[in-house]
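**Student:** Based on the hints, put chain B in the right spot on chain A.
The listed protein sequences correspond, in order, to chains A and B.
Residues 0 to 128 in numbering that gives the first Met the number 0 are what the first sequence lists, from first letter to last.
Residues 0 to 128 in numbering that gives the first Met the number 0 are what the second sequence lists, from first letter to last.
No lab work stands behind these hints: they were computed from the structure.
Do not rely on the hints blindly, as some may be mistaken.
Since the list gives no way to pick out one identical chain from another, each pair is judged satisfied if it fits inside one copy or across any two copies.
As a list, the in silico SDA-like pairs of lysine to any residue whose alpha-carbon atoms are at most 25 Å apart [to be verified]:
{"no.": "1", "residue 1": "90", "residue 2": "128"}
{"no.": "2", "residue 1": "45", "residue 2": "128"}
{"no.": "3", "residue 1": "90", "residue 2": "77"}
{"no.": "4", "residue 1": "45", "residue 2": "107"}
{"no.": "5", "residue 1": "90", "residue 2": "1"}
{"no.": "6", "residue 1": "90", "residue 2": "107"}
{"no.": "7", "residue 1": "90", "residue 2": "3"}
{"no.": "8", "residue 1": "90", "residue 2": "111"}
{"no.": "9", "residue 1": "45", "residue 2": "91"}
Note that the structure is a prediction, hence the values are computed from the model and not measured.
There are 2 protein chains.
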Amino acid sequence: MPEHELVEIIRRADDAINREDFDAGADFYADDATLVLAPGRVVTGKARIRAAMAAIAAHFGHNLHVSQRDYLVIEGGDTALVLARATIATKAEPVWSEERRATYVFRRVDGRWLCVVDNSYGTGLLPAG
Amino acid sequence: MPEHELVEIIRRADDAINREDFDAGADFYADDATLVLAPGRVVTGKARIRAAMAAIAAHFGHNLHVSQRDYLVIEGGDTALVLARATIATKAEPVWSEERRATYVFRRVDGRWLCVVDNSYGTGLLPAG
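Isolated chain A, as found in the complex:
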């Protein structure tokens, strides 16, 4: 199966985050997109998402590295649900790293895919049991 174009888009978005190019990073989002920062904490709006990206980078000592694999894209109605295994890690020692089963929603707007919901926590936000 050929790789879905969203895989390369997400790779470029992660690369922007890792290079701390927050203008490029924010540009992957729709104007009224929502980013889940942590369970129970979301931000909506491109400018707020850009600010949150900068705050997260600072929080991790400008040492953050995000990557994903095992992408699965399910398209319906000019919208796509993307599932992926995400690794959020620090580059320098001591290495801290967290694995997540992420869920992203993209919409195709004027021929271009834009992220509308960025929830790297996936169904991990649901109560256990």
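**Tutor:** For chain B alone, coordinates are given in the frame of chain A:
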């Protein structure tokens, strides 16, 4: 927090499935929606989704009961990612039941929410490990 309107919409969709009213059930979907039938098996299009619903009902001996709880709705850009704990069960003895951590994507089209991606398997579709 007041209940999101999508919670009631999903309850009504489940009720339609449980009553085997497949016309009503299919009406919750956008024309080009995608339903994940099983890992690796999807159908796209309202008519195919209606046919799949009828086939699933027959497969379960007209004895299927679906329900959900712990809804979490994340909205962005006239789109919503809904997470929920879903129970798929049979009504008659012997009771068979399966728990899933589901992911649904809805789009607001002309003021009405329509399901565009129905993936009750959530991130369970990703490889383990």
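**Student:** Each of the hints needs a verdict: does it hold here or not?
**Tutor:** Now the hints, each set against the structure:
1. 90 <-> 128: between (34 Å within a copy, 22 Å between copies)
2. 45 <-> 128: For residue 45 and residue 128, neither the intra-copy (35 Å) nor the inter-copy (33 Å) Cα distance is at most 25 Å.
3. 90 <-> 77: Answer is neither: 36 Å inside a copy and 36 Å across each miss the 25 Å cutoff.
4. 45 <-> 107: This pair counts as both: shortest intra-copy Cα distance 17 Å, inter-copy 20 Å.
5. 90 <-> 1: Neither, since 31 Å and 42 Å both go past 25 Å.
6. 90 <-> 107: Neither. Shortest intra-copy (33 Å) and inter-copy (41 Å) distances fail the 25 Å Cα cut-off.
7. 90 <-> 3: neither (28 Å within a copy, 40 Å between copies)
8. 90 <-> 111: neither (32 Å within a copy, 45 Å between copies)
9. 45 <-> 91: neither (29 Å within a copy, 50 Å between copies)
Hints 2, 3, 5, 6, 7, 8 and 9 from the list above are not met by this structure, while the remaining hints are.
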